[in-house]
Amino acid sequence: AGRPVTVASLLGEDKPETRIWRRISEILAKTAPGRFDLRIVANAALGGEKEVAEGIKLGSVQASLSTISALSGWVPEGQILDLPFLFRDRGHLKRVLAGPLGDELKAKYEAQGFVVLGFINYGARHLLAKEPITTPAGIKGKRIRVIQSPLHTELWSGFGAFPTPIPIPETYNALKSGVVDAMDLTKSAYVGFKLHEVVPWLIETGHIWATGVVYVSASFWKGLSAEDKAAFAAAAAEGAAHFDELIIADEEASMAKAKAEGGKVAQAEDRAGWEAGARKVWTSFAPKLGGMAKIEAIAATP
Amino acid sequence: MSLAARGPVPPALRRQSERGLVGVSAVLEWLGATVLGLLFTIVMLAVLRRYLFGAGLIWSDELAIWLNVALVALGMPLAATSALSMRLDVLVRLLPGAGQRLAAILADAVAVHGALVIAIGGASVAALVGGTSTVLGLPESLRFAAFAVGGGFTVLLLLWRAALDRSLAAALASLLIGAGFYLAAQGATGLSLGAPSLVAALAAGFGLLIGAPLPFALLAGVSLSGAFGGLLPEPAIVQNTVSGVSKFLLLAIPFFLLAGELLTAGGLAERLVRFAAALVGHWRAGLAQTALVASTLFSGASGSSVANAAFGAKVMAPALVARGYPPANAAAIVAGVSMIDNIIPPSIAFLILAAATNLSVGSLLVGGFVAGAVLVPALAIGIHLSVRGVVDEAPKATAAERGRSFVGALPAIGLGVVVVVGIRFGVVTVTEASALAVAYALVVCLALRSLDLAGVGRALRSSAGEAAAVGLLIGASAPFAFLLAVDRVSDQMAGLVTALGGGPYAVMLLANLVLLVAGLFLDIGAAILLLAPLMLPVAIAAGLDPIQFGVILVVNLMIHGLTPPLGILVYVVSGITRVPAASVFRAVLPLLAALLAALAVLCLGAAAWPSLPPSIKELF
Ligand code: NA
Ligand code: NA
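Line by line, the protein sequences are chains Y and Z.
Here the working numbering is used: the first residue of the first sequence is 1, the next is one more, and so on.
Here the working numbering is used: the first residue of the second sequence is 303, the next is one more, and so on.
Careful: at least some of the hints might be erroneous.
[Stated by the list, open to error] Here are the in silico distance ranges between beta carbons for each label pair:
1. SER284(Y) to ILE842(Z): 25 to 31 Å
2. LEU350(Z) to SER284(Y): 24 to 30 Å
3. THR283(Y) to ARG351(Z): 24 to 30 Å
4. VAL723(Z) to LYS30(Y): 58 to 64 Å
5. ASP14(Y) to LEU396(Z): 49 to 55 Å
6. ARG395(Z) to LYS257(Y): 56 to 62 Å
7. PRO620(Z) to GLU131(Y): 38 to 44 Å
Hints are computed from structural coordinates only; laboratory data are not their basis.
Keep in mind it's a predicted model, so treat the numbers as computed, not measured.
For each residue, glycine too, the CB sits at the ideal point set by N, CA and C.
Please model the entire structure based on the sequences and the hints provided.
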């Protein structure tokens with residue numbers, strides 16, 4: 001039945017996170033028949049992103065997707081992709097990653113035992129709140145749920161908000177009961193976690209692009225023949241492109257669902273104010289991420 | 303025991319050695335108590351800071367999780383050697399003397415194997431995993447190193463205990479056989495079985511039957527599957543175990559255990575009993591009904607049925623016996639009503655379920671209230687019908703007596719109110735509410751002077767030990783669940799549960815039958831962790847509401863606290879009241895029947911739910 005490949009997915013069968021692997025599996029069935037047996041385990045049954053990354057290092061998981069921020073404990077330099085208001089749009093991000101930065105980061109991941117076969121785009125994070133908070137002035141004094149990341153905390157406290165780290169399973173209730181007033185997330189996950197029921201306003205800030213990787217464990221990769229490596233890498237690249245399409249479609253479907261169930265969308269205002277706050281984060285993280293010149297160069301990339 | 307008496311150890315050395323072992327255990331207990339105290343302080347600080355200064359502490363959650371890992375690592379050696387070790391001894395007791403001695407040696411060998419996996423596997427994860435916690439700035443390897451040390455101490459204490467209880471030769475035999483199993487698991491047999499999880503289940507089941515501590519039997523089983531084409535390398539076994547413990551939601555477990563301990567030690571629980579007696583003591587079987595009402599009140603503040611059973615066994619059972627109830631019936635009533643604690647929020651079982659499946663804790667807790675509203679009357683009817691011959695009704699309490707007992711019970715009732723209101727009105731998250739419950743119990747008991755600092759220390763020590771034992775079991779189930787997931791057992795489970803078609807009634811019926819059978823052989827926590835992620839997708843596909851299904855799953859499995867062979871609630875009560883477990887199992891049958899009837903009602907309701915018109919659904 002081919003080499004067993006344990007693949008971990010965080011979400012269910014119908015989500016892009018799992019469908020990418022079904023596609024890769026189909027491609028491999030044609031390009032490397034009988035060589036691989038992908039055991040795709042959905043619904044985070046093999047753990048969250050960090051546990052899966054540990055499993056990839058230890059050889060219990062062979063392949064998965066991960067956001068850049070979940071890997072920042074191993075490769076802190078990756079956080080350059082998480083800098084707020086640095087990337088203008090999907091195209092900008094894609095062009096930057098196709099350049100030297102992409103190769104540089106891949107080498108850093110590989111040194112940690114993560115072989116990156118492609119970058120993926122989960123969409124942009126937007127501000128989610130109980131009211132249309134469109135300006136940085138509006139978020140001042142609000143309690144905002146953040147992921148456990150100094151970068152995110154610094155961004156929101158810079159605007160005068162009170163960032164509170166809360167694990168995702170507790171977030172819905174924390175918002176519903178009022179432990180926190182706001183949060184930020186991608187559109188697809190916003191509706192996936194039914195958060196539009198508790199924070200009906202999505203303010204299109206697009207402040208951070210959630211970048212991720214399609215990656216496999218180094219020990220698995222080393223054991224493959226050159227031919228199998230080529231087939232797997234090609235399938236993964238095609239899968240990554242497919243993932244980005246699926247996310248765009250999923251975002252549209254998600255927002256339609258949110259709208260039908262009472263969700264509302266507002267445009268961000270005072271762009272200059274938002275960006276000024278974000279620049280403070282650039283300055284503070286620049287020493288860890290290769291210097292301000294490197295960040296400015298990305299911003300200047302056409 | 304007879305062997306120990308004839309053992310070659312000279313009495314003076316033996317006494318010294320016994321003292322040494324007790325000393326090491328006490329040090330570990332005090333360390334655990336300190337870590338638990340620290341854990342409490344950090345979570346409370348984060349809540350206070352958020353209310354006083356707006357922002358929480360970015361590092362508090364992560365640090366709390368790390369401390370919980372340390373708590374489990376410290377308690378692990380005690381969990382292997384104490385009354386908390388979750389050893390099944392029903393079958394071993396049927397063996398002749400020589401058979402019992404052999405089983406004891408083998409059981410310790412299985413435990414040694416499991417502990418070696420943690421010790422050696424933990425060390426290799428610490429060496430391999432790399433990475434730094436971005437919030438704490440500390441290397442991730444520390445968490446695994448703590449487990450490696452805990453595993454090492456476990457081997458030491460296991461063998462020390464074996465040498466004292468049996469003989470040096472027996473301890474040596476356990477070490478050699480355990481190490482032999484461990485080494486055998488490292489080599490590949492070349493035999494690749496289709497389902498490594500089956501090998502793991504058989505090996506763990508064997509360990510369980512001969513009386514090995516359950517968490518270590520699970521670890522040893524998963525480790526042995528490695529020799530048969532298993533898909534989980536040894537370091538990954540430990541990494542999964544530690545990940546299983548590293549969940550923020552699980553922090554509520556030590557806190558709810560500690561709150562229950564303080565509630566009992568500080569006398570607040572007894573005030574609840576007085577109030578309950580004033581309410582229902584004049585009914586037929588009045589004191590038995592009092593036990594039910596007191597347990598229901600207690601469960602509003604406690605999340606642990608084991609704590610509830612222990613409290614009932616200490617406080618209610620002697621009172622029942624004094625009123626003329628046969629001891630077995632008294633014990634059965636206490637055990638039967640204590641299952642309610644994990645149904646009425648707060649509930650550790652729902653926390654474990656939420657951690658295993660990502661179901662919303664808040665919604666599960668609401669579902670728990672609904673289920674409690676069905677189960678409590680069922681238990682009341684069961685008690686009413688089954689307690690014959692004992693006419694114990696007390697004179698009806700006067701309004702003034704009721705008022706006084708209510709005022710006396712207020713501090714304890716207040717605890718439940720603080721927890722529920724705190725969560726409902728967004729003052730705190732579920733985990734923080736559990737810490738708030740501890741703070742409340744602590745302040746009230748110290749203010750009432752019903753508890754001194756030494757008492758607080760004792761409560762910290764015992765709840766740290768219990769929390770470590772529960773945490774270890776949760777952790778040790780994780781690698782097993784990993785194997786089941788990779789083995790595609792979920793597909794087979796789906797096939798089993800949908801054998802009568804995919805409709806809600808058929809799936810509900812088969813799911814309950816599977817749970818009833820599986821629950822006989824699995825601990826409640828382990829059953830939730832292993833079965834819930836497999837069954838939930840099937841239930842959702844059948845159109846059942848996931849929250850309702852989750853609540854029913856927990857109710858079904860909690861009933862197993864009262865069934866042999868692994869009826870944890872019966873064992874706890876039997877241990878404290880010294881009534882043989884077998885007679886408690888017999889005496890609890892009428893309550894079991896009442897609970898099964900209530901379960902059937904809940905299941906029918908949930909199966910009918912998808913086809914109900916929305917106007918009726920809105921009523922709930
Ligand atoms: Na409870
Ligand atoms: Na999960």
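Right, here's what the structure says about each hint:
At about 44 Å, the beta-carbon gap between SER284(Y) and ILE842(Z) misses the expected band of 25 to 31 Å. In this structure, LEU350(Z) and SER284(Y) meet the distance hint of 24 to 30 Å, their C-beta atoms being roughly 27 Å apart. Between THR283(Y) and ARG351(Z), the C-beta spacing of about 27 Å keeps the proposed range 24 to 30 Å intact. Separated by about 60 Å at the C-beta atoms, VAL723(Z) and LYS30(Y) satisfy the suggested range of 58 to 64 Å.
Checked against the given bound of 49 to 55 Å, the beta carbons of ASP14(Y) and LEU396(Z), roughly 51 Å apart, stay inside it. Look at ARG395(Z) against LYS257(Y): about 59 Å separates their beta carbons, and that is inside 56 to 62 Å. In this structure, PRO620(Z) and GLU131(Y) break the distance hint of 38 to 44 Å, their C-beta atoms being roughly 58 Å apart.
In summary, the structure is inconsistent with hints 1 and 7 from the numbered list given earlier, while agreeing with the others.
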